[in-house]
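**Q** Using the hints, position chain G against chain D.
Residue numbers (this note's numbering), protein chains in the order written: chain D, 5 to 436; chain G, 5 to 436.
Keep in mind that the hints are not guaranteed to be accurate.
Claimed, not checked - Below 27 Å or equal to it, Euclidean Cα-Cα: the simulated DSS-like pairs (lysine-lysine) are:
| # | chain 1 | residue 1 | chain 2 | residue 2 |
| --- | --- | --- | --- | --- |
| 1 | G | 400 | D | 188 |
| 2 | D | 346 | D | 97 |
| 3 | D | 273 | D | 317 |
| 4 | D | 194 | G | 79 |
| 5 | G | 44 | D | 398 |
| 6 | D | 188 | G | 79 |
| 7 | D | 33 | G | 188 |
| 8 | G | 400 | D | 189 |
| 9 | G | 33 | D | 194 |
| 10 | D | 400 | G | 189 |
| 11 | G | 374 | G | 79 |
| 12 | D | 44 | G | 194 |
| 13 | G | 194 | D | 400 |
| 14 | G | 251 | D | 188 |
| 15 | D | 189 | G | 33 |
| 16 | D | 398 | G | 398 |
| 17 | G | 188 | D | 44 |
| 18 | G | 33 | G | 357 |
| 19 | D | 189 | G | 79 |
| 20 | D | 188 | G | 398 |
| 21 | G | 189 | D | 79 |
| 22 | D | 79 | D | 31 |
| 23 | D | 188 | G | 44 |
| 24 | D | 189 | G | 398 |
| 25 | G | 194 | D | 79 |
| 26 | G | 124 | D | 194 |
| 27 | G | 251 | D | 44 |
| 28 | D | 251 | G | 90 |
| 29 | D | 194 | G | 35 |
| 30 | G | 398 | G | 357 |
| 31 | D | 194 | G | 194 |
| 32 | D | 251 | D | 286 |
| 33 | G | 398 | D | 400 |
| 34 | G | 124 | G | 134 |
| 35 | G | 357 | D | 400 |
| 36 | G | 44 | D | 194 |
| 37 | G | 400 | D | 194 |
What the hints assert, rightly or not - Below, a sample of chain D positions facing chain G; criterion: calculated Cβ distance under 7 Å:
| # | residue |
| --- | --- |
| 38 | 124 |
| 39 | 409 |
| 40 | 420 |
These are calculated hints, taken from the structure and not from any lab test.
For each residue, glycine too, the CB sits at the ideal point set by N, CA and C.
2 protein chains.
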Amino acid sequence: MMNIPDSAHPRVVIIGGGFGGLSLARKLKGKNFQVVLLDKHNYHNFQPLMYQVATGGLEAGSIAYPIRKVVQDHKETFFRMAVVEKVDTENKKVVTNIGTIYYHYLVIATGSTNNFFGNKEIEKHSMVMKTIPEALNIRSLLIENLELALQTNDEAAQRELMNFVIVGAGPTGVELAGALAELKKAVLPKDYPDLDIANRMQINLVQGVDRVLDAMSVKSSRAAEKYLKDLGVKIHTNVRVTNYDGKVIETATDLQFHSQAVIWSAGVKGAAVNGVETAVDKASRIRVNSFNEVEGIKDVFAIGDVAAMYGDKYKFGHPMMAQPAIQQGELLAENLERIQNKMALKAFTYNDKGSMATIGRNKAVVDLPKFHFNGVFAWFVWMFVHLLSLIGFKNKALVFWSWVYNYFVFDRESRVIIRPFRMYKKNSMAQD
Amino acid sequence: MMNIPDSAHPRVVIIGGGFGGLSLARKLKGKNFQVVLLDKHNYHNFQPLMYQVATGGLEAGSIAYPIRKVVQDHKETFFRMAVVEKVDTENKKVVTNIGTIYYHYLVIATGSTNNFFGNKEIEKHSMVMKTIPEALNIRSLLIENLELALQTNDEAAQRELMNFVIVGAGPTGVELAGALAELKKAVLPKDYPDLDIANRMQINLVQGVDRVLDAMSVKSSRAAEKYLKDLGVKIHTNVRVTNYDGKVIETATDLQFHSQAVIWSAGVKGAAVNGVETAVDKASRIRVNSFNEVEGIKDVFAIGDVAAMYGDKYKFGHPMMAQPAIQQGELLAENLERIQNKMALKAFTYNDKGSMATIGRNKAVVDLPKFHFNGVFAWFVWMFVHLLSLIGFKNKALVFWSWVYNYFVFDRESRVIIRPFRMYKKNSMAQD
Chain D
5 MMNIPDSAHP RVVIIGGGFG GLSLARKLKG KNFQVVLLDK HNYHNFQPLM
55 YQVATGGLEA GSIAYPIRKV VQDHKETFFR MAVVEKVDTE NKKVVTNIGT
105 IYYHYLVIAT GSTNNFFGNK EIEKHSMVMK TIPEALNIRS LLIENLELAL
155 QTNDEAAQRE LMNFVIVGAG PTGVELAGAL AELKKAVLPK DYPDLDIANR
205 MQINLVQGVD RVLDAMSVKS SRAAEKYLKD LGVKIHTNVR VTNYDGKVIE
255 TATDLQFHSQ AVIWSAGVKG AAVNGVETAV DKASRIRVNS FNEVEGIKDV
305 FAIGDVAAMY GDKYKFGHPM MAQPAIQQGE LLAENLERIQ NKMALKAFTY
355 NDKGSMATIG RNKAVVDLPK FHFNGVFAWF VWMFVHLLSL IGFKNKALVF
405 WSWVYNYFVF DRESRVIIRP FRMYKKNSMA QD
Chain G
5 MMNIPDSAHP RVVIIGGGFG GLSLARKLKG KNFQVVLLDK HNYHNFQPLM
55 YQVATGGLEA GSIAYPIRKV VQDHKETFFR MAVVEKVDTE NKKVVTNIGT
105 IYYHYLVIAT GSTNNFFGNK EIEKHSMVMK TIPEALNIRS LLIENLELAL
155 QTNDEAAQRE LMNFVIVGAG PTGVELAGAL AELKKAVLPK DYPDLDIANR
205 MQINLVQGVD RVLDAMSVKS SRAAEKYLKD LGVKIHTNVR VTNYDGKVIE
255 TATDLQFHSQ AVIWSAGVKG AAVNGVETAV DKASRIRVNS FNEVEGIKDV
305 FAIGDVAAMY GDKYKFGHPM MAQPAIQQGE LLAENLERIQ NKMALKAFTY
355 NDKGSMATIG RNKAVVDLPK FHFNGVFAWF VWMFVHLLSL IGFKNKALVF
405 WSWVYNYFVF DRESRVIIRP FRMYKKNSMA QD
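Same shape as in the complex, but just chain D (with noise of 0.2 Å):
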């Protein structure tokens, strides 16, 4: 049995501090009940700046933030590191790695997973840029593709370990080939002269539609692929990856890369976890109604990437973003009040406040629900709301300051390989 008091109040626990999780138990501070929130980490991480911490632009520290910070001055709120195993909605319990604790309401807010179609291969040999972990992964890979380049002079052996494909078009993928062609132009050449850096190293960005940013508008698809054109980046759309064995891609088409630097962004599927089998979709999400409440399952809810709920204008589900989840998170709160007060529940309607993604110093597409707008002002929206979004004044602080560096210095300090990749490829370490 995990250990956690007994409380007067009905106890929610929540399984994920992400953006979903955390908005609900703020949300839940002072009201009448006992909290206790699951994470397997005991930090949330603001996912949107990722990329930044692969590339070297950010200090991981400055995008991880304490989860028992958060929730310090909540009375009735426990956080406990801890990694689910199942849920037993029969018996109402969640059994985890330090034991079981009993529920009266679920909230599985876990979000989602990387999503490799099945091919066993390609993920198997692909790097991933989900968590912390990984995106440093990628960064310690990046540098120790370059040092082992100054090894040979055979020039096909380093145009394959300086060939960085990143396969998927979203705005996670089109974020990092932006950082990366950055890295590319204003830093490795100093840092590696002896490397023919300019046209070695090489920036491939494979998508399987028609266009980057295919969730975004037809406009600023455009701009971001010009933005990436310019930074050096070669796009390539409509071609599908088939496979990927360490050292050559197929895909569907004549198109072959050789690389030793493959980053899989092409797709996420829910994170559902064991126990709700009957509620969960095609794409690993849990079917929710409009109070997230989990198909046919009492008392439990889901929200957030995780939590699909079928609607008119989102077929599928909401885009799997940091504003559904919070969102959703937000009105779980109010409508578990309510759930206690016997009153009716309020309905979830997406509050779409548009999306955005930047490409490199000064470039950047935003999307506003009525327009569109591209270059240095969406560059500057794009820095504000993501300082603003930041959970912590030294975070906030903290990559100000770097951001503010970079930009003066077209530096990016943080290319150190603080634990190898490489060495430890096998090793289930390197991923966690």
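**A** Frame of chain D; chain G shown alone:
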């Protein structure tokens, strides 16, 4: 063969990018030498602040600086990330994991490593803090132990997890004890309201001789002891640790500690490379003459912690600190030129600028060659000297900002477990 271009100038191979190796490489810039700098990491780390990384006050990146950036504008300097396997002084070559390299002059600047005085049990079970990954492991263990303590109501088990025992009260041990005590006082009770941090968390500092900081003045020792006691650290002088099995620490006295968190800072020794055994002394340091020439081996030099220059005042060599390393590196650059110009060499004399240690907020001790002072002013001096000594404007600014923040907010925000330690204890990754 290592892939380094030929040069018209004689080649100086430097093993180690610490304080000594870097000061030498910098001074050789623009001189008539080809310089090849080898290090197993791609960053220089600022060891004096390592304990703040271990206790969540600083991010790892704030004390790590890319070596390539240091030598970026040195045309004839080549950095290679390499692990040296041995040196072959007869054939004037260095054998590494990325190939062999010939030298005209070899400089060994490999620093120091932990000294367990042959006790394998202690080595296996205790934590150390010589590298950044090791400091991050301590940070992870500290938090993991508190999370584990939450899972039990058994007082003895909790105390064992929360008993931090630091063996060795030199600057490292003292500064770490002070930082842990401040965490205990200001941060942890808020994070863990359900644990009885104030009573059950203990910080024990165990010292083999009769005072802490025994390399400093008696006044400094007394002041440091008072500061530590005020912070709640229990000091045990004249206690020699004899064994630790992962649970119980045995000493040469009746004293025994039950602890799952033992940090070993009781000794260092030279980290000599293979191949110079004839010159290695009992402390694993390499005996050098007053020109830093390795005893009996032509064209091979050693500087810094690994070099033992026996003298009248420093019977077994200089203290293993940054200053002697930096000064020896600088002088050796001059002497290498003198050798080329067939001029007489200059003998090294250590300019002792003093030593200092900080115990916590507003508390430090400073020994200058002529006098001692402590308290708030010493603390400001300590901060000022350390900030100035950091390489790079960005690191200076990040550290400064973190200190200002920690000072006013009484916080340590880097208390996140990016890579867990306990789970991977037996895994080599955890150590590298």
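**Q** Decide, hint by hint, whether the structure agrees.
**A** Evaluated hints:
no., hint, verdict
1, G:400 <-> D:188, "26 Å, holds"
2, D:346 <-> D:97, "23 Å, holds"
3, D:273 <-> D:317, "20 Å, holds"
4, D:194 <-> G:79, "11 Å, holds"
5, G:44 <-> D:398, "32 Å, violated"
6, D:188 <-> G:79, "20 Å, holds"
7, D:33 <-> G:188, "26 Å, holds"
8, G:400 <-> D:189, "26 Å, holds"
9, G:33 <-> D:194, "16 Å, holds"
10, D:400 <-> G:189, "26 Å, holds"
11, G:374 <-> G:79, "43 Å, violated"
12, D:44 <-> G:194, "21 Å, holds"
13, G:194 <-> D:400, "22 Å, holds"
14, G:251 <-> D:188, "50 Å, violated"
15, D:189 <-> G:33, "25 Å, holds"
16, D:398 <-> G:398, "16 Å, holds"
17, G:188 <-> D:44, "24 Å, holds"
18, G:33 <-> G:357, "26 Å, holds"
19, D:189 <-> G:79, "20 Å, holds"
20, D:188 <-> G:398, "21 Å, holds"
21, G:189 <-> D:79, "20 Å, holds"
22, D:79 <-> D:31, "13 Å, holds"
23, D:188 <-> G:44, "24 Å, holds"
24, D:189 <-> G:398, "20 Å, holds"
25, G:194 <-> D:79, "11 Å, holds"
26, G:124 <-> D:194, "45 Å, violated"
27, G:251 <-> D:44, "26 Å, holds"
28, D:251 <-> G:90, "32 Å, violated"
29, D:194 <-> G:35, "20 Å, holds"
30, G:398 <-> G:357, "26 Å, holds"
31, D:194 <-> G:194, "46 Å, violated"
32, D:251 <-> D:286, "31 Å, violated"
33, G:398 <-> D:400, "16 Å, holds"
34, G:124 <-> G:134, "18 Å, holds"
35, G:357 <-> D:400, "38 Å, violated"
36, G:44 <-> D:194, "21 Å, holds"
37, G:400 <-> D:194, "22 Å, holds"
38, 124, "23 Å, violated"
39, 409, "5 Å, holds"
40, 420, "4 Å, holds"
The structure is inconsistent with the numbered hints 5, 11, 14, 26, 28, 31, 32, 35 and 38, although it conforms to all the rest.
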